[in-house]
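Novice: Now for the letters of each chain:
2 protein chains.
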Amino acid sequence: MGKQNELGVTPMSEDVSAWYNELVFKAELADRGPAKGTMVIRPYGYRIWELLQEQLDQRFKDTGHENAYFPLFIPQSYLQREADHVEGFAPELAVVTHGGGKELEEPLVVRPTSETVIGEMYSRWIASYRDLPVLINAWNNVVRWELRPRIFLRTTEFLWQEGHTAHADEADAMEETLKMFGVYQEFVRNVAAIPMVAGEKTPGERFAGAVRTYTIEGMMRDGKALQSGTSHYLGTNFAKAFDITFQDRDNEVRHVHTTSWGMSTRMVGAVILAHGDDAGLVLPPRLAPIQAVLVPIGRGDQGDAPRTKAYELADRLRAAGVRVHVDDRDASPGFRFNDWELKGVPLRIELGPRDLEAEQVLVAQRVGEVDDRGRPVKEAVGFDALATFVPERLDAYHDQLLQRAIAFRDEHSGPADDWATFGSLVERGFAAALHCGRTVCEDDVKARTGATPRCIPTDGADERGPCVACGEPSAYGKRVVFAKAY
Amino acid sequence: MGKQNELGVTPMSEDVSAWYNELVFKAELADRGPAKGTMVIRPYGYRIWELLQEQLDQRFKDTGHENAYFPLFIPQSYLQREADHVEGFAPELAVVTHGGGKELEEPLVVRPTSETVIGEMYSRWIASYRDLPVLINAWNNVVRWELRPRIFLRTTEFLWQEGHTAHADEADAMEETLKMFGVYQEFVRNVAAIPMVAGEKTPGERFAGAVRTYTIEGMMRDGKALQSGTSHYLGTNFAKAFDITFQDRDNEVRHVHTTSWGMSTRMVGAVILAHGDDAGLVLPPRLAPIQAVLVPIGRGDQGDAPRTKAYELADRLRAAGVRVHVDDRDASPGFRFNDWELKGVPLRIELGPRDLEAEQVLVAQRVGEVDDRGRPVKEAVGFDALATFVPERLDAYHDQLLQRAIAFRDEHSGPADDWATFGSLVERGFAAALHCGRTVCEDDVKARTGATPRCIPTDGADERGPCVACGEPSAYGKRVVFAKAY
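If you're matching them up, the sequences are chains A and B in order.
For reference, each letter of the first sequence is one residue, going 141 to 626 in this note's numbering.
For reference, each letter of the second sequence is one residue, going 141 to 626 in this note's numbering.
Just to be clear, a hint being listed does not mean it is correct.
Pairs involving identical chains hold if they fit within one copy or between any two copies, as the list cannot separate such chains.
Calculated lysine-lysine pairs in the DSS-like style (CA-CA distance at most 30 Å, straight line) [claimed, not checked]:
no. : residue 1 : residue 2
1   : Lys624    : Lys319
2   : Lys166    : Lys380
3   : Lys586    : Lys176
4   : Lys176    : Lys166
5   : Lys319    : Lys201
6   : Lys176    : Lys242
7   : Lys449    : Lys518
8   : Lys242    : Lys201
9   : Lys586    : Lys624
10  : Lys380    : Lys624
11  : Lys201    : Lys166
12  : Lys201    : Lys449
13  : Lys624    : Lys518
14  : Lys242    : Lys586
15  : Lys624    : Lys176
16  : Lys380    : Lys201
17  : Lys449    : Lys586
18  : Lys518    : Lys166
19  : Lys624    : Lys449
20  : Lys586    : Lys166
21  : Lys380    : Lys319
22  : Lys624    : Lys166
23  : Lys518    : Lys380
Bear in mind the hints are in silico, worked out from the structure with no lab data behind them.
Quantities reported herein were computed from a predicted structural model and do not represent experimental measurements.
Bound conformation, chain A alone (with noise of 0.2 Å):
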């Protein structure tokens, strides 16, 4: 552990990692569970992972999607019908094999994912051209074995959605795997204020099973990539596993095209580690538990009438559609101001006996400019102006710190035309390079420099010309981004 702020959490321009984990702690967002790699998620990290939801589903329901709940337990020879996927999840198994005090004649496999057991499903109730397409979603909890567990970022359990759609033919499942990518990109910007690098995996990051994997990357504080979000086109692979076949307008019986994409609680690890600093969490409003803290001040009889006025703005604020809170424990402005930037709350208001007088409050952004001290500069408000200043403000700061984040991201990423230039990029951020291909390469590129090829971004110009690392000639006619990974 290093040297700790005075909140008793190591800054993170010190060690993101020991930052990272203390920090999930101190701010009571989770908690290591009783099994080895299991996570007990906090209420404060729990809200935000219920905003993340409801704003994610509401873009689920607005294309079309419907959600359903699938069983947690699958039959082991069920995991076995589609040979990659069987081979991608063997390794990550949990296996219960007694219950009800009895051994089971087959084992069940707690779901990693649901493809086989839904792909079940579909093959029963899809007969005709018009049950197509299917497009369900599914919000719950799956486990993948994990041996280095990280909160949030790898734990045994996780809590996810994963969509699952079934299609006539190829055009309309790739359109729907592409149509989910663009929702993701548009979710994560819009909402988590996260620029991301999206594109399609090389073939040796490709979900287990699938035809193609396209991924969204965001670029964390320390550089590293963090896979955000996953759209897969399955092709008829899992049709043909579980037989999903509908008899099309020909009367012809044909498989169906599926897609599967999923996000997860990792989101939450995204949020703290794209946005985060040394003062702590850095929430951004859409999935801030809390978006502006009231905080009186005044010091016995004189913090009454604060503290009145405090809760009357609040319920102004709550009638405007902000999530507000009003601090008034018995503690010094200076430990509550700490306390609310550590929890990574987006705008404090502060509002003294002074104040009072002047009928205004001082807001202060939790990132934002700073005095000459570097103190934030403290803006006062009219009372009577505060319910429309909030709801704008958060929109700016919004804005702001995906602004923020951008150019951290543009400055932390490259071309990369030399290996001097890439081992030097990936050191620090993200390195767009020519690639061969060849998995053997790309082992050989994990083994010299920690970096794995995250995806080839959609948006990426024609290119062709020598492997960055080995020179034989460039695939896919762009460049790769690589970078080391959470």
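Chain B: place on chain A using the hints.
Specialist: Frame of chain A, contents of chain B only:
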């Protein structure tokens, strides 16, 4: 399977059990999962659950609770720390013995409920009286091995919420226990339109580890009871087992008092069984995925104008907050009417060429007045009045369903002062009887009649006398309600 009506479902009046099983599939509410005892909740059924979740969750938040998430896997040894708890749940456990390709040192139990793992976490989080009360709820899935599964009612895996709170003393914990018992009663009445018999469980029917268990019991259309939600005062049982202590204002270290309370996907079964009829589902409007279905009528060209108008009216209704669907399938009106009756949609709105001319629609309730020939009376409503008419009518329809359920319950309930009356009452509903309170006598009643004590109603009058079954002096100072139960 009995005689089926034109929809392929055995009439309820003939065989409730067959009706229920067939309707669940036919209305596409749910399906069986591949692993024995598991269920798949299909979009139409899951939407009912989502609507229930939203409205129940809002009540939890309004009463100061926050959501959190606790792990699925619990070390087996945890269950053993509370003696009654392990005795109650041991026979129902699913056990993970292998993870990540290896046999585990200690098997993990898939949570049947989370008192134990939450007890462990609370012992870490709670130190002082300032940390109390802790008011947390979790929405998750639990597993209890089920030998005779029935979809929604008894499944090996089900979805639910479990509230877990910790308090400084018994008075505060009992206040919470009763508050949430009240929330459940209000919720089920005002959202699900089901009147409940609400009271305390007899000692033999308590939750494993509870000091007191309060339950709400709904009457189903076959006169059987369905336990629909429970709220438990756990005393210091789990606090002692998991060492959850706090320093009080006098610096003394004390055990906290805990509560837990839960409602599950069983409630979807309650809605089906409390309101349904021979024609299928009858959904209360506040839980109906579709509250009003617009059916444009007219063949070929004749149908174009009604269809266009139907979509326009649907937009207006949606803007008025109504969940509405336009069924413009190329099928006969009769086929479409039957389909939405089966699916329990509260209001059907018909619109044919002649209605269009008259600038009106015809509204039929799923359950309502019928004419001499047994056909629903349809009301003409002008286009411009529709958006105010429908929300009002939905509220009135909710009240109507509730009153119908109250009347049904009251017609099928009564006092039983002798054994013959008791026997005939529990054949068709609820019997309120004096009982000695001895477990051996409860067992005897069950063996002879199939009925069990459902609860000691909170609103029951003081009364004492001989036990209806054995003649010994009665316990509890009140009558006990007995019924056959799901």
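Novice: All hints, please: hold or fail.
Specialist: So, going through the hints one by one against the coordinates:
For the homomeric pair Lys624 and Lys319, the shortest alpha-carbon distance inside one copy (28 Å) is at most 30 Å, but the shortest distance between copies (52 Å) is not. Taking the shortest Cα distances, Lys166 and Lys380 sit within 30 Å of each other only across copies (27 Å), while inside one copy they are farther apart (49 Å). Proximity of Lys586 and Lys176 under a CA criterion of 30 Å is satisfied intra-copy only: 28 Å inside one chain copy versus 44 Å between copies. In the homo-oligomer, the alpha carbons of Lys176 and Lys166 lie at most 30 Å apart inside one protomer (20 Å), although the nearest pairing across protomers, at 43 Å, exceeds that limit.
When the C-alpha separation of Lys319 and Lys201 is checked against a cutoff of 30 Å, the pair qualifies only within one copy, where the shortest distance is 13 Å, while the shortest distance between copies is 34 Å. Taking identical chains as interchangeable, the C-alpha atoms of Lys176 and Lys242 lie at most 30 Å apart whether they share a chain (25 Å) or sit on different chains (14 Å). In this homomeric assembly, Lys449 and Lys518 come within 30 Å of each other (Cα to Cα) only inside a single copy, at 19 Å, whereas the closest approach across copies is 55 Å. Taking identical chains as interchangeable, the C-alpha atoms of Lys242 and Lys201 are never at most 30 Å apart, the minima being 42 Å within one chain and 41 Å between chains.
Taking the shortest alpha-carbon separations for Lys586 and Lys624, only the intra-copy value of 9 Å comes in at or below 30 Å, while the best inter-copy value is 65 Å. In the homo-oligomer, the alpha carbons of Lys380 and Lys624 never lie at most 30 Å apart, since the shortest distance is 36 Å inside one protomer and 47 Å across protomers. Taking identical chains as interchangeable, the C-alpha atoms of Lys201 and Lys166 lie at most 30 Å apart only when they sit on different chains, with a minimum of 24 Å there against 36 Å within one chain. With identical chains, the CA atoms of Lys201 and Lys449 are at most 30 Å apart between copies only, with a shortest distance of 24 Å across copies and 40 Å within one.
Taking the shortest Cα distances, Lys624 and Lys518 never come within 30 Å of each other, neither inside one copy (39 Å) nor across copies (67 Å). Taking the shortest Cα distances, Lys242 and Lys586 sit within 30 Å of each other only across copies (28 Å), while inside one copy they are farther apart (46 Å). Within a single copy, Lys624 and Lys176 get their C-alpha atoms as close as 25 Å, which meets the 30 Å cut-off; across copies the closest is 43 Å, which misses it. For the identical chains of this complex, Lys380 and Lys201 are intra-copy neighbours only, at 29 Å inside a copy versus 46 Å across copies, given an alpha-carbon limit of 30 Å.
In this homomeric assembly, Lys449 and Lys586 never come within 30 Å of each other (Cα to Cα): the closest approach is 59 Å inside a single copy and 62 Å across copies. In this assembly of identical chains, Lys518 and Lys166 lie within 30 Å of each other by CA distance solely inside one copy; the values are 26 Å within and 62 Å between copies. For the identical chains of this complex, Lys624 and Lys449 are neighbours neither inside a copy (50 Å) nor across copies (57 Å), given an alpha-carbon limit of 30 Å. In this assembly of identical chains, the alpha carbons of Lys586 and Lys166 never lie at most 30 Å apart, being 34 Å within a copy and 54 Å across copies at closest.
Only within a single protomer do Lys380 and Lys319 lie at most 30 Å apart by alpha-carbon distance; the minimum there is 24 Å, versus 53 Å between protomers. Only within a single protomer do Lys624 and Lys166 lie at most 30 Å apart by alpha-carbon distance; the minimum there is 27 Å, versus 51 Å between protomers. In this assembly of identical chains, Lys518 and Lys380 lie within 30 Å of each other by CA distance neither inside one copy nor across copies; the values are 63 Å within and 50 Å between.
The structure fails to meet hints 8, 10, 13, 17, 19, 20 and 23 from the earlier list, while all remaining hints are met.
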